[in-house]
Structure formats: C-alpha cells, structure tokens
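Here the structure of chain P is known, so what remains is to put chains S and V in place on it, guided by the hints.
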Amino acid sequence: MADLVAPGRSDAQRGIKLRGPRVEYLAFKLGSDTYGVPIGEVREILKLPPVTEVPRAPGEILGVVSVRGLLVTVMSLRARLRLVSSESSRKGRILLVMGAHEEVIGLYVDEVLQVYRLAESEIEVAASVLGGRLGDYIVGIGRPEGALLTLLDLRPILGRTDPAGRDAT
Amino acid sequence: MRRILVVEDSAATRSFVRSALEDGGDLGPFDIVEATSGFDALRLLPRGPYDLVITDINMPDINGLELVQFIRKSDRHRSTALIIISTQSSEKDRARGLSLGADDYLAKPLDPEALLSTVQRLLTNRPAAG
Amino acid sequence: MADMGDKAREEFFSEAHEIIEGLSRDLLQLDSSRGKGPVDPELVNNIFRAVHTLKGLAGLFGAARMSALSHELENVLDDLRLGKIELSQAALDLLFRGVTIYGRILAVEKGTRSDPLSDIDEFLRELADLSESQSDDAPISGAFYELDPGLLAVLTEYEEHRLRTNIEQGQSLFRLRVRFELATIDAALSTLKTKAKPHGEIITYLPTGEGAEADSIELDILMASKASLDVLRSLLGGEQAQIEEVPRRSPSAKDPVLVPSRLGSHGPSHDPLPYASAHPASAPPRPKAVAQRPGALPKTASTAAMAAEVSLRSVTQTVRVDIRKLDLLMNIVGELSIVRNAIGRLTESVRKSPELREIGMELYRLHRGFERQLADLQSGILEVRMVPLGQLFDKLARVVRQISREADKDVNLVITGAETEVDKLIVEELSDPLMHMIRNAIDHAIEARIERERVGKPAVGTIALNAFQKASHVVIEVEDDGKGIDESKLVSAAVKRGLLAQEEVTELVHREVLNLVFIPGLSTKSDVGELSGRGVGMDVVKTNIGKLGGIIDIYSERGIGTKFTVTLPITLAIISALIVQVEGRTFAVPLASVQEAIWLDPAALRRVEGQEMMTLRGATLPLCRINELFALSSVGKTKTRPYAVVVSVGARRLGLVVDELIGQQDIVIKPLGPSLKRVKGFAGATELGDQRVALVLDAPALIEEAFLGGGDAVVGASYG
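Chains as they are written, first to last, in the working numbering: chain P, 1 to 169; chain S, 1001 to 1130; chain V, 2001 to 2720.
Next comes chain P alone, as it looks inside the complex (with noise of 0.2 Å):
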C-alpha cells in the first residue's frame, strides 16, 4: 500500500500532499526495467504455460496458448516496444488483456512485481510525445515509495480504439 501516511501530518498537510483520485497500477519487469499498467487492464494473471509457436506470424507474438479453452495470443510486450530483448526468466508471467476487436491477448513480462496505489501528484505526466509507430504509450513515470515506474497505456499498444481509458480502482 502506498498509502503515504507520515506520522504527525495533520489531515489536511497530507490531503494537499496526495491530490486527486487513486489509480491503482499492476508493476512488472521487461528486462531490468519496471513498467506498470492500471490494474484494471489486466483480466488475469498466468505461469507460464505451454507456448505453441505460430510460425510466419510478426516476430513479437510468441506464439498461442490454451487458457482453459480459449485460444489465446500470446506477444513479448517487450519485443512489442522494441526493448533490448533478454533472456526468458523463470519468473516470466502472462498478463491476459483486452486487445482490438475484443480479442483478448496474452503480454508476456519477465516478472510480476506488485500493485502500487498512485494519487494523482505521484505521476509526472510525460511531457514530450513520443510518436512513433505505437504513439503515446507511455502516460507518465510514477514514483511511489521511491520506485519508478514507468506507465503504460496499453490503448496504442494493443491497436485498441476505445476512446476513455479503462479505469482502474
């Protein structure tokens, strides 16, 4: 819980301190590096099962796997940005999420850390565009506890077009 609560505070000096709604974010790691997404993105959390591997398909989806019937995609999210790829870890975890054409796909991450409750002043909005061929995926860099995350929106990864993001709570 990233419930900042310094003790002798007075209500209000904590209020002002941590303005505006919570949103809570899932952090994980691609690489060294963490990354969160709201957790309302992520339907479910997976070990990793058996990825079968769809030859001819783009170089970041791994392949599919069977979610207890359902044929499921499964792709790196860090071959998806274009990250310095590495090793697979035992730690690797699948995160299940609404992709386009509500079709639901699996991100591969090398490893699921925790949820992390941000208000508002705890994110820096990123200030440049980032363009590219996936847009502006990246929302901001959040920074409880003295972690850094750095936030994704999921929308421009996944070639989603609803137009409000999923809230998260």
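Just so you know, these hints were derived from the structure itself, not from any lab. Treat the hints with care, as some may be off.
To be verified - Each pair of labels, with its calculated beta carbon distance range:
(1) V:Arg2678 / P:Arg143: 38 to 44 Å
(2) P:Val84 / V:Asp2553: 51 to 57 Å
(3) S:Arg1121 / V:Leu2377: 29 to 35 Å
(4) V:Asp2553 / P:Ala100: 22 to 28 Å
(5) S:Pro1046 / P:Gly159: 27 to 33 Å
(6) V:Asp2322 / S:Arg1076: 32 to 38 Å
Heads up, the beta-carbon is just placed ideally off N, CA and C, and yes, glycines get one too.
Using the frame of chain P, we list chains S and V on its own:
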C-alpha cells in the same frame, strides 16, 4: 416512456392489465395501447415501435400464437419483448407460444403483482424502443 | 372477489352482463331451431366461446363460483359440439338454468342481492353427469390431411378442437390466401365470413408476414367445408383470393403417428408445390430448377412436401436456443474429447503392464463405452446446431429484389433445397460470399433486357440457388443464365497483368482458365466486369469459403450462363485430423483434405526447376517440406525416414513432408484470433491435452501457395 401494446378481446381484462401496469414502478409510467383483436393489433403494430406486446392466446380469428409468429417474423418487431397470456390449464398453448418466440407467459387468473414484475424484468436492461 | 380498481370492476360486470345476454339469445335460437334440421355448429361454438370467456373473466377477477360453473358448462358444450351428446330438451334445460345461475352469481358479487347459492353444487353435479369425460388424445380415424406443421404449430388448443371436430365429421380442408387492405379489413372480413358461413367453418386466420407493406395484410385462412373446391372458388375466389384444397391421404393400417417425411436430396424433379402460381421455368436448360417466385409462397411451402398426418397428437416441438449456449456445450464436448484421448493413452499403458491386466481390461471396456457415448453426445449437439439454409436463402431473395431494382434488370430467383441443413456458423459465414456472387451475377452476368431479347433469351433473367446434401458435404450451387465468361478475354487480362506467362496459355485447360477468376489482382471492377462477367472480390469469396473448409468450383459457357458450386463440410466444429510432428512441433491436418500418407523413399525424390517432387503410382507429386516452409528451427533429433502426407483439393495434390505420424484424432478447431489473421496456412488451432496446443494446417491454402509460387513445374505436376 415505454410503450406496451395489450392485445386482448375482453374489455375487462384489458382494463385489468392497464390498471396493473400503468404506474410502472421503477421504469416509470408506461404508455399502454389497447388492441381489441388480432386484426386490431396488426393495425396498431405499424404505429410502433413498442417495447412490449402482451397478448392473450385465445382470441377468435387471429389467435395469440399467430400474432406471436407474425411479430417474430417481422423485421421491425422481431426483438420486441413478448408476453403471452394463457388459461391455467392449457400447457400446449403455452409451450407453443414460447417455442414461437414469446419471452414469457402468464396464466389466468392474472396476478397484478406477477404481471408487473414480469414486465419489469423483461424491460429492465433493454433500451427504450422509441 | 379480488381487489381491483373501481373502473376494472365496472368493466368486469358490464362485460359479463353483455356476454350472458348474448348467451341467452343464442340459447333461445338454439331452442327454436331444435328439431328443424342439423344443429348450427357456429351457434354452438358461439355459446361455447361465450362460456369460455366468462371462465377467463371469472378467473381473472377471482369469482370462484362463476369459474366452476363455466368449467362444467364448457364441458357440456364441448361434448355437444363434438356430437358426443345430443341436444336434447334436458340438455337445453340445463343450459338455460346455467344462464340463470350466472345472473344470480353476478348479482351476489355486485352486492345487489343476497343469495346463498346453495344449489349450485348440486347443479354442477348434474352438469358433470351429463357430459362424458373425453380424452384429448382420441385418435382420429378416417382420412389424414397433409397439413403443414407450420400451420399446426400456431393453432391454439381450442382451434385444434374445432379442426378435429370438422375432420371427424368428414369435412374437407381448404386453405385460402387473401390479401386485405388494413383500412377496410373489418368490412372485407365480415363479407368473407358471411359468404363462407353457409358452406363451412373457418378455423383460423394466420397472417403470413409476406409483402411487408404497412397498409395491407395477407392472410392464410384454414377452412373446413363439405363443398367442393370449385364451388368454393366461385363463391370466395377472386383476384385477391387463392384457394387450394389440403390434400388427403387414405389412412395407413397402423395408428396415426406424426411422421414427417423429409424431402429427399436435391430435386430438380420436384412435384409442383401446391401453390405454384405457375411461372413456368423460363430458365434455359442449364439452370434446372423449379419455378418458385420468392415471396409468393408461404415459407413453409418448401416443406409442404413434408407430409404431416393430422393426428394432432404431436406437432413439431421446437425450442429456441442461443447459439452461444451451443458453443459452450461444444466446448465442453471438446474438453471431454481431450479427456477421452488422455484416458485412452493411459488405458494403453495400463494394459501393457501384466500386473494390472484385469484393471486394464476393465478400463478398456469403460473407455470404449465412454468413447461411444461421447460420440453420440457430440453428434447430438452438432445436430442441434444445424439450421436450414432456407433462412439464408430468404435473406438472399430480398437482396435479389433490391439489387435487381437498382440494376434495372428483371431477375427471377429460383430456390431449391431450402430445407437442407448446415451448421449455424457456416450459414453465417456463407451469407457474405453468396450475396457477393449473386450481386455479381445481377450486376455483370445477367444482360440488360434489350440485350437478352436480342440473343433470344427471355427478358427475365434467372438465378438459381440449389442446395443439397452429398455424403458428408453440403453442395450449394449458384447459377445464372447470363452471358457466361469470356475465356479469351480473361486469359489476356491475366497475361497483361503478369499473372500468367504467354507460353503457359496454351497449356491451360478450360477449367484452369475459369479458375483465373479467383485470383486476386485480376480484378478492377470496370474491366473485369465486362471481361468475365464477374466483378471484384471472387478471390475473397474463395478465401472465405476455404476458411470454412469448403471449395468452390466454376463452370461457364459463353452466352448460356455460369454456375458456381460450393462444397462444404456439414459441420465445422469437430473434425477428424491426422496428427503429425515436424521438428518436434505438433500439427494437425484435417483428414478431409488427406488423400493418403506415405513413407518417403529418398531415392524416389527429384528436383525439377527447383521444385522437389516424386512419382506416386505413375503420377508426379510435388512436395512441400513443412520445416522449410515454416522455417522451423531444428531440434536436432536423428530422423527416421520422413513421411509425406498427400493432401488434395479438387484435382490438385501436394505432399507435405513431415517427420512423424502420431495418429488420427477428433479435434475441435478453434479459430486463431484477429491478431493472427494475416498469417497464412493455418485453419486454426486445437488443444491436444494438458494444455498443449497444435496448429491446424489449412491444406487448400498450402496447395494454393505451392501452385501460385511454384511456377510451371507445380502447375504441371499438380494434376496427378
């Protein structure tokens, strides 16, 4: 306001249904349109759209089952909610009505509370038609 | 009495009074006509109806005694209608007394009279004694009428009673088709009833829902009469009305049981349907089909040949099911199949061990039983998913009307085999391709009126949609009598676009030329439309049909017409497949595409212009190495001799080279998601057990790829 078409050849029963439904409860007051026969219903249907059609089964000439089939076959009214009213003992009529596409049934003697709650159940979570 | 508003109360009383007065009048009339000839059935029916309504009202408003009285009176009246009891003086007296008692009950309920009504129970007993109990399921002796189940399904019990009565009295049944303007329907109906009444009884009026115009309505009227068809025709027929007699068959020796006899496979040699408002087939020889103007007939007329004996004991019972529930059930069956396979493997292991011999045998027996029952469950569910193509054909008929109006051409759509059933998913996926083909036919293939007349064709063009079952496939033909495909133009267009080399042209067989129509890149709407009689998008049509596991063939003759034949598997979801392994990866090949699997003899292989091939029974077979095709990294195992799985589509064959054949298995194919839609060569994926997923190869697509990419060698070789 949601519109309900009541098809029933007995005036007293029409009155009864109207008084049971008019206030409407959570969904607000209903606009209730009465048809006195199957033919009358056919005349009134084009003046829709209706959110719900309640029809008696046993009517002379065009009976309620034929009306249900007609409604379900028509492009315009295909997804209108449909309740059939049958006599207590005619299971066959009920079964036929449901298999032809009615959403629910009520048996006579009609219980005004059951009527209202069935209507509310069918119309909640449906956007108003008109 | 139940608590209800004052207004409702008032209405209850006033309506009840009105009905009772009418009852009274009718009874008087009945009394005076007694002994002067046969009892007027309509009168008795009216009285019955009145009592029936009173029963309903009484129930509604909680008047229990009135309810009970009505119930008993109804029974007596019913018996009277059916002729089970005579209209004796005694019976009439009872009926009159009943009316009086109604009056008394109402007065008591109203509060205008205090009356103990103690004699009611005694009276009810008298009524009960008079009427005999009667079972609903009395079998009908006598002739059986071929009444279509669609009509039977919408009769209320009451109307069934009346139908039964009439049949028992030896009446004939007739169906009238009449169109009324809604504005004047009351008067028109009244006239019809007056004209009809002396000659028989109208059982029911069914709105057909045809001709969706808001100001008129078409009714299908069922009538019983002792008069002949001609008499009725002269009395009731006219421009707006068509009358036909419901055909009758002599009873069979056995008890009547509902036996719908399905119309057999496709029949260009249909018996003329009862209502064929004869448009004699103005179609030229090749599209041979029976004239049936869309919308002229009840939709159930195509199943009119489905004979339904009017035993009235049971009518086709149907239940509407949400297709998602069926999908869910199919998934579960699929999961069970996986369990079954796993148990099978386990059973084999157990049986191999001598100590577990007995258990092994028991397990084996159980497994076999499970296998059988699962297969039954599976086919049962698959059957439920089947829907008749008629649904789709109706939609297409509307499309035809619309497009022909837009194109200003007269087109007749002729349909046969609408009752052919196919998996619901397939029907949904077929909708676009078929619509496409029909649109093309109307826009491009069928000539303008003037042109048609000039070449001696009837001004009205014909498109025929035929569907029929053939073994485990369904065949759908789309045929037109348009101008056909100009092969020479097609070929030169292909050459011009570089899709075909000039030298290859002479080698092309007629059939291959026609198949050029399916190649993407050959079409820009304007030129191809004129060249080939086909517009854009046939390649898409072909791909979509391929996705369903089907194939499409084309036949055309210049000046005469064109016919597309689509062959589809009947069901989509569960198929038999051959499981293979390549470099440690498992793939499934749908058995429907597999011709055979053979050991590859390295000595028999050779390369021709870069394409590997071998000779199979004297014919050349091109080969495709899966590990190379999919660039699969090697797992380094020492390989035994590889296999070639020979797949074929139409006349083309290809040998897929794999490392191992694992076995044959029923699998549930799941489609790959939109994220993978650009990946070619796979029909989907399937779960093999313990969460392992295998990709399912799309044989037609792989053959296509080899054909297009492989150049002459493949083309030449592939016709084995």
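Comparing the hints with the structure gives:
1. V:Arg2678 / P:Arg143: 38 to 44 Å: With Cβ atoms ~40 Å apart, the hint holds.
2. P:Val84 / V:Asp2553: 51 to 57 Å: Check passed, 52 Å falls within 51 to 57 Å.
3. S:Arg1121 / V:Leu2377: 29 to 35 Å: holds, 33 Å
4. V:Asp2553 / P:Ala100: 22 to 28 Å: Since the Cβ atoms of V:Asp2553 and P:Ala100 sit about 36 Å apart, the hinted range of 22 to 28 Å is violated.
5. S:Pro1046 / P:Gly159: 27 to 33 Å: With Cβ atoms ~44 Å apart, the hint is violated.
6. V:Asp2322 / S:Arg1076: 32 to 38 Å: Check failed, 22 Å falls outside 32 to 38 Å.
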